Structure formats: structure tokens, C-alpha cells
Amino acid sequence: MSPRTVVVLGASGVGCRFALAANAAGHRVTLVDEHPQALKDMSIDAPYFYGAGLPAALNNANAIAQSFLEANPELMECLESGIDVRLSTILWGAFRNGENSIHIGTPKAGLVSREGNELLDHDVLVIASGVRDFVPSFLGWELPGVFGAKAGLALLDYYGVFEGERVLILGTSDIALRLMRSLRSKQITVAGVVEPGSSIAAGPEAAAWIEGEGIPVHFGKVIASAKGKVAVEGARLVTLDGTGSEEIACDSIAVAVATLPNVELPAAMGCGMRFSTELASWVPEVSIQGETSVDDVFYLAPKADEAMIEAMLARISGAARAEWQPSSLTLADASSYIQQWIKSLHQTGGPDVIMCQCESVTRGEFCHLEPPKYLGQGMRTSQTPTNQTDNPHAPRLDQDLVKRMTRVGMGHCQGKRCRDEAAFTLVQRFGIDAEDIRPGSYRFPLRPVDLSLIADDDETDDIRLNWQMWPYETRNA
Amino acid sequence: MQNYDLIVVGAGILGLATAYQARKAGAKVVVLDKGATAYEASSRATGYLSLRGETPEESPLAQMAEKLWDGLDEELGYPTEWTQRGRIWAAVNERELAELKELYQSFEKTDIAFEFVDGQALRKMIPSLTDSCLGGIHTPRSGHANPQRTSQAFAWAFTDLGGEIREYTPVLEVLATGGRVKGVKTPYGEIHAPRVALCAAAHNTLLLAPFGILFPLAPVRLEALVTTPMPPLFDQCFIGNGLSVRQTKRGNLHMNGGPYEWIDLEIDKESPKPTTPIVRNILRRAIETIPLLKGAQFLRSWAGIVDMAPDQMTTIHLFDNPEGLLTVAASGHGFGMAPAVGVAMADLALKGATSLPIEHLSLNRFRHITSDWREKRRWHAGQYNT
Chain A
1 MSPRTVVVLG
11 ASGVGCRFAL
21 AANAAGHRVT
31 LVDEHPQALK
41 DMSIDAPYFY
51 GAGLPAALNN
61 ANAIAQSFLE
71 ANPELMECLE
81 SGIDVRLSTI
91 LWGAFRNGEN
101 SIHIGTPKAG
111 LVSREGNELL
121 DHDVLVIASG
131 VRDFVPSFLG
141 WELPGVFGAK
151 AGLALLDYYG
161 VFEGERVLIL
171 GTSDIALRLM
181 RSLRSKQITV
191 AGVVEPGSSI
201 AAGPEAAAWI
211 EGEGIPVHFG
221 KVIASAKGKV
231 AVEGARLVTL
241 DGTGSEEIAC
251 DSIAVAVATL
261 PNVELPAAMG
271 CGMRFSTELA
281 SWVPEVSIQG
291 ETSVDDVFYL
301 APKADEAMIE
311 AMLARISGAA
321 RAEWQPSSLT
331 LADASSYIQQ
341 WIKSLHQTGG
351 PDVIMCQCES
361 VTRGEFCHLE
371 PPKYLGQGMR
381 TSQTPTNQTD
391 NPHAPRLDQD
401 LVKRMTRVGM
411 GHCQGKRCRD
421 EAAFTLVQRF
431 GIDAEDIRPG
441 SYRFPLRPVD
451 LSLIADDDET
461 DDIRLNWQMW
471 PYETRNA
Chain B
1 MQNYDLIVVG
11 AGILGLATAY
21 QARKAGAKVV
31 VLDKGATAYE
41 ASSRATGYLS
51 LRGETPEESP
61 LAQMAEKLWD
71 GLDEELGYPT
81 EWTQRGRIWA
91 AVNERELAEL
101 KELYQSFEKT
111 DIAFEFVDGQ
121 ALRKMIPSLT
131 DSCLGGIHTP
141 RSGHANPQRT
151 SQAFAWAFTD
161 LGGEIREYTP
171 VLEVLATGGR
181 VKGVKTPYGE
191 IHAPRVALCA
201 AAHNTLLLAP
211 FGILFPLAPV
221 RLEALVTTPM
231 PPLFDQCFIG
241 NGLSVRQTKR
251 GNLHMNGGPY
261 EWIDLEIDKE
271 SPKPTTPIVR
281 NILRRAIETI
291 PLLKGAQFLR
301 SWAGIVDMAP
311 DQMTTIHLFD
321 NPEGLLTVAA
331 SGHGFGMAPA
341 VGVAMADLAL
351 KGATSLPIEH
361 LSLNRFRHIT
371 SDWREKRRWH
381 AGQYNT
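Sequences listed follow chains A and B, in order. For what it's worth, UniProt numbering labels the leading residue of the first sequence as 1, then goes sequentially. For what it's worth, UniProt numbering labels the leading residue of the second sequence as 1, then goes sequentially.
Calculated directly from the structure, the hints in this document are not laboratory data. Bear in mind that the values here come from a model prediction, so they are computed numbers and not experimental data. Every residue, glycine too, gets a C-beta built ideally from N, C-alpha and C. Hints may contain errors.
Claimed, not checked - Heads up, simulated DSS-like pairs for lysine-lysine below, C-alpha to C-alpha not over 27 Å straight-line: (1) 108(A) with 294(B); (2) 40(A) with 227(A); (3) 124(B) with 373(A); (4) 249(B) with 294(B); (5) 249(B) with 124(B); (6) 40(A) with 294(B); (7) 40(A) with 185(B); (8) 124(B) with 24(B); (9) 351(B) with 185(B); (10) 351(B) with 182(B); (11) 67(B) with 294(B).
Said to hold, decoys possible - Just a sample of chain B residues kept apart from chain A, beta carbon distances all over 12 Å, derived: (12) 3; (13) 67; (14) 86; (15) 123; (16) 125; (17) 135; (18) 173; (19) 179; (20) 208; (21) 303; (22) 322; (23) 355; (24) 365.
Make a model of the complete structure from these sequences and hints.
As C-alpha cells, then:
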């Protein structure tokens, strides 16, 4: 086997385990992860939804880096084994030759950190980009003290800077349980759990644990609003029919409805995608060796097991491509749980709640495709975004159209906060299946990047002198 | 089989403007597209109306377009973000200044208002412009708008009048019999109409080839990007240092420029439109041009496919044979031209003639072009930056 240059994106457990295995097999491995993030990047709420209440202790970058490493023994092992580990580094784009772009040369991964940017040549790209928070809108969700479960876990377990003392949990799925266990292990009070359904989504064992901890459960309710002037001081809950409500005192509201896979890289690279009801997300189509539809680009799902790591490594090391057979993972149905939350929140909260924080667009404005308020102009006739077509395989609705008209997903966070609620809102409003939506396009860069960091500072003469000035240089050709 | 007065092939801005005007004149019109509305060149456009000082043959039609742009929001009923604050074509070094002075001579062949101004005057118009700016051409009556909103405004105005758009419905073939157009063939059946308007950029070339007609268009992939919103910097169309840059109403800087990648198209398939690391070089030039952009963030990049004719000008042509067939493509000038193109195309389709100034824009100017023109020009698929 000839060693290959492998870039692994994502130093989660599975990413680290793969990197270690590939390194042990003799490949040259670079492991890239955006964590620990700069405070400015955390405020974009990607991948984790920290909200507006980031603890000041995060400013101490050295202490944060130290505790991040201490909390990740597998990452420490990667560092010790000689893997080229790039932390606090954003992979903003990945480029390889393909249809309509054949001048890239060796595949390139665009990396950017505080020090600047580089294009890293490599053979194989393994995407182990993990999951992010799903946070639906509700009144007051922009207040400091509202955060997603993954963000809460990062503050508690990676950085040790969690400041909340009384936390209300929205949702009862596995991620909610993980968060509650971490909170309780640090003697932080869980003020209650909110569940629109009538049972604990994570199952009876979880229900027994919650009961044993004495945590109050509010079945058949959702949050009506986060209360507080400058930060969360409480939450108002409401029954699904809107008749009953109660206030809960808390200083934090953790949205723990679901996590969704980070798929912006494979999607932006043009990997074939499919909608997974189980994961409530479009995900790359992969073979049982983890290979996507793009040669030498692999996707390691968050729940991938050791057998998958082995099969993927064998393929990278030269094993024949397995007959195409999509890998299958059976998980809980995240789509219906997410849809239940969105439906309940919209039904009780109405159309005037801000759905897109970056561009201040409400649910109602989004559904009616209204132009942004700063244009000061309306529409002659109200419109719907569904397609007319004779093509039975065509999407019935393009999320990009809705995005371009309403700007939901066009703001600073590029839809990291709102795009999933937006998609499921379209599903519910127009009565179509999620797989019949053409999801909003993902674009590079995967995170907003300072111009001063990404501008090319060692441009070649070839690019400099042969830059095309449309139109007249080519006219003279 | 369904019957219409006019089939428009291509739901980009030129097709939609044509369809809107034809529907407004009372015709029964359907627009067909292999993909979604405004997903190719119309999604990559910078959004400029240029008065075409650099291509005087196009200038009369561009000036017609300028008059129509002025009332377009009201006409269509949807905002386009039209901003008429002029265009600045600036030189940031001696080489560009020499080129601009040459270009200036072609502006003089037109009757549009323009002036050549020095660097100091340009910095007065755009205070954030680099000190190294030496001067440039100012065209006061140019303007810009939001390409996606404008295409959609035409689409909605058309459907509001009862027009029909069918997306993801590729046209595989134009049908003709006895020297007359009779409709089109799609994978889902035939659609019939006595007139067919091909407004599908370089797909026009593929659809016309079976008739022995050469419409010389070369598809090319180009890239665009936006930054995060900035405070108001300027509201003109800006060209200079190898970039086109406009600031949107929201405050984002929307720019494009840089290498061309020549490609081929397939008739029934949406083309991949990958972006490349060239965005780093675009951003470097942006900072060189407007130094305070160092404080902005790179937010989003995308690519689009533009069709180029050998002289990089608009073509509008009504064929005698087969009768009822007409076509348009605009070499990347379609966005600004669209309002006038729509009127001219609808006239040609429904009346067989137009009073709009298109006499220099017919296909006849390419009658000596041979089918290997792309190779000769080094514009064939796979060529980069030629």
C-alpha cells in the first residue's frame, strides 16, 4: 500500500479514532477542527448554538485551549502519535477537479486560522463533521441565557465555564438526557423539562432517571416565551391548545430538541445527498465503505462504528470499491419529533415570532415570501413557492427561492440557526414531504471568514497578470 | 399535447421578460426550463444596467432598457432594488488607465452621457476608494438592481397575468414541419405552439443545430461572492482592478471577476457550478480597491454559467426558416438589457417586427463564423482563462 495524504475534518471521538487508525496504517494524516473557537465565531451559533450569553471566561484563549485538550483524551492521543493536528482552524472550502472545474490540480482543502490561510494539498478527504444544535424559534429566543444542548455540553464539559444555575430544558430526546446528566453531575439545578408529547422521547429508562432526580416534567406544553429584560429570568410555558400557562423561574433555557448532522461540506462539494427521515436532514449518500459519490471523499457519520472505520480505511488503503450499497443506520425518527415541536411552537406562538435572527424576519413574513422591510415595498399579489412541472422527479419547492426573496438563511449565520426550521415550516405549510424540497444551497465559505485572513497574499504572477477583465481583454484576443 | 401561442424556452431573465411582454400583449404563453427559475446566468449576474458605451452597437437598445428600468418596480409589482446612481469604471494603475483611455474612444461613438474624470473626482464619489485610483469613466445614467429579485419579479408578474412556468422540464428538440415551427419536445411529451422563443443561453446553440443554424455561443463558468453587510460605502456600479462590485441595499458587497472556465452544456441536465479557491484572489483585489473592506467578512460564494458570443454582444434574431422561431442571448449583458429585450422579442414573436433598435444585433453578423470558432478562439471546453 502506498501511503496517502488524508485530511480528516472533525476531531470528535469518531474523527479521532479514524485519524489514529489511518496514522497507524501509515497514511499521512492532518486532523482539522474549528474548536476551540474564537469568541467571535461562537457568536455565529455554528455549529453549536451558544446564543447571546457567552461567558466572559471564554476570552481566556489559553485556559480554554488547555481545558479543551484535557477534556478530549482521544485528541491528546492524536497529538502524541504525531498526527498533524490543526485546532481552531476552519476548513472553509474543499476543491477538487470535477465537471466544469478541471484546473484545481491536486485536491485542496482551504484552511484558515488566526494566523492566515493555506490551501492544503491532499489525496483523500474524510468528513467527520459531527452534529450541531437544532433550535426552533420562540418569543425571546435571542435573549442571553438561551442556548442549544451541544453548546451547553461544550461549556460544561469542554471549557468548564458554564454560568447557569437554574436550567429549563426544552425536549426529552437523548441529547436532552445527556445535557441533564452533565448538569446534575455538576450540582446544577434543572428547573424542569418541557415536552409537547405525553411521554419522555428518550424512553422509559430516561423517564425513570428524570423522576429519580426529582426533575419536574411539563407534558403537553411548549415554551411561549423566554422572559427577562437583558437576560433570561424565566420562561412562560403554554399548553398546546393555548388555554393554560405557567411561569418557571430559570436563568437558562437549553433547547435540547434534536441535533442535526453538519452536512454543509459534502453538500457544497456536490456529493449526492438524500433526505434521511431518521436524521431529519439531508445527508450524503455513502457506500458501506463510507465513500460519497465524489471520488476520494468519505463521510463518517456521527454514529459510525468501528466496522465502518475499518471498511473506510481499507478502501483508502487500496481495497476494491465495494459494490454500491448504501449503508443503513437505524435511529429514532428525529423528523417527527422536530416537526412536533415546530408545529406546537407555531400553533401557540403565532406568525409574529422572529424566525431569522440575522435578518429579523418573522414566521409570517417568511411563509408569505415577503420582501425585507428595509426595501419599504410590498408585493402586488401574494405568492406561493411551489413549482409547476410535468417532471415527476422534480422538487416541488426550491428553498433557495424562498431564501432569496425573504432573506431567511442569507444573513451572517448563513442559515445555520434557521434553515431547518425554515425547511420544515415549508413542509407543514405547503403540505409536501421533506424529500420533495430542494434544500437551500450550501456555499463556501462554511463559516464567515475575515477578508484580511482569507485574501491571497502570495498570488502567482500567472493569476496576477492574466486576470480577466470582463469584457474587453477577451474581446481583443 | 397542449397548445399555446408562444413557447418560451428558458426561465432566465430574458425568457421571463419575453414571456411577460407577450402575455401582456394577450398571447397564451408557457415558459419551460430544464431547472429552476433564474438558476444559471441570471443567478450569477452582478445586476448592472450598462449603457454599453464599450459596445456601441448595443447602446441604443441599452438606452431603451434604461427608460423601462425606471418604472419597472411599478410595472411588475415587485421590488427589484433598482438604484440609478451611475457607473464608475476606474483605473487603479497605469496599465488600466491606458486601457480605459482606449475604451473611451468607443464611448464617443455612442450618444450616452459620460465623462472621463480623474482619481480625485472618483474618490469624491466613492470616498473609500484606494488612493492609487488614477481616474475613470463615469456614466451617470447606469444603475444596478438585485438579479434574483428582478428575475422573480418578471416571473411573478407573468404568472399574475395568467402565464405558466414549468420548471424541471427540459426542451429536447424544437419541432417544425413544412418550414414552420410547431412546438417543442420534452421528456414528458410534446407541447405545441406556432411560435417558439429560444431564450436559453448557450442551450440555444444545441437546439438550433438540428436546423443547420450556427448560433455561436460558448458557455463559461464564472464566480461571484458577497461579504457581510457594511455601512453605506457607495451606490454606483463600480468596475475596476478586475472586479465588478456593487453594494446591495442590505449593505453586502456583491462582487465578481477573474478567470473564465470554458465548458460544454448538456441539453437536459442542470450543469454543476462549482466554486474554486480563486475567491481568495477576488478578495485580495477587493481589499486593494477599497482598503477598508479588510474589516468585512467573506460570507458566500457561488458560480454561474454565462454564454459568450464571439463579439460578446447581445443577439436577437427572428428566423425566416423555420418560420415562428426566434432566439436571444446576451453574452452577460442580459440583466441590464432584459426589459428592452422582452419588448423586442415579444414584438418579433407576435408581430414579426419591432421598432426597437436591434438592427445590428441579428445573427447575420456571424455568417462567416465556422463551427470550429471556439477552438480557434481558445474558448473550447476545458480551456481556462483564455
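Results of checking the hints against the structure:
With a C-alpha separation of about 25 Å, the suggested pair residue 108(A) and residue 294(B) falls inside the 27 Å cut-off, and the hint holds. Distance restraint check for residue 40(A) and residue 227(A): the Cα-Cα separation of roughly 26 Å lies within the 27 Å cut-off, and the hinted pair is therefore satisfied. For the given pair, residue 124(B) sits about 30 Å from residue 373(A) by alpha-carbon distance, which is inconsistent with the 27 Å threshold. Distance check on the hinted pair: residue 249(B) and residue 294(B) sit about 20 Å apart at the alpha-carbon level, within 27 Å; holds.
Taking the CA atoms of residue 249(B) and residue 124(B), the gap is about 21 Å. The hint holds against a cut of 27 Å. A threshold of 27 Å between alpha carbons decides the hint, and for residue 40(A) with residue 294(B) the separation of about 16 Å falls inside it, so the pair holds. Between residue 40(A) and residue 185(B) the alpha-carbon distance is near 54 Å, which puts this suggested pair outside the 27 Å criterion. Distance check on the hinted pair: residue 124(B) and residue 24(B) sit about 44 Å apart at the alpha-carbon level, beyond 27 Å; violated.
Restraint check: the Cα-Cα separation between residue 351(B) and residue 185(B) comes to about 25 Å, which is no more than 27 Å; the hinted pair holds. For the hint pairing residue 351(B) with residue 182(B), the CA-to-CA distance comes to about 17 Å; that is within 27 Å, so the pair holds. Between residue 67(B) and residue 294(B), the direct Cα distance comes to roughly 37 Å. Violation of the 27 Å bound is thereby established for this hinted pair. With a cut of 12 Å on Cβ distances, residue 3(B) stays outside the contact zone with chain A, its closest approach being about 15 Å.
Residue-level check passed: residue 67(B) sits 21 Å from the nearest beta carbon of chain A, beyond 12 Å. Distance check for residue 86(B) against chain A: the nearest CB is about 19 Å away, which clears 12 Å, and the non-interface claim stands. Separation of residue 123(B) from chain A is adequate, the least Cβ-Cβ distance of about 21 Å exceeding the 12 Å criterion. Against the 12 Å criterion, residue 125(B) stays outside the reach of chain A, whose nearest CB is about 21 Å from its own CB.
At roughly 16 Å, the least C-beta separation between residue 135(B) and chain A is larger than 12 Å, which holds for a residue marked as non-interface. With a minimum CB-CB distance of about 16 Å to chain A, residue 173(B) clears the 12 Å threshold, and the non-interface call stands. Look at residue 179(B): its CB is around 28 Å from the nearest CB on chain A, clear of 12 Å, so calling it non-interface holds up. Annotated as non-interface, residue 208(B) keeps its C-beta farther than 12 Å from every C-beta of chain A; the closest such distance is 22 Å.
Listed as outside the interface, residue 303(B) is inconsistent with that label: its C-beta sits roughly 8 Å from the nearest C-beta of chain A, within the 12 Å cut-off. No Cβ of chain A approaches the Cβ of residue 322(B) within 12 Å, the least distance being about 24 Å, so the stated non-interface status holds. At roughly 28 Å from the closest C-beta of chain A, the C-beta of residue 355(B) stays outside 12 Å, upholding its exclusion from the interface. Every beta carbon of chain A lies more than 12 Å from that of residue 365(B), the smallest distance being close to 14 Å; the non-interface claim holds.
Hint violations for this structure: numbers 3, 7, 8, 11, 21, all remaining hints satisfied.
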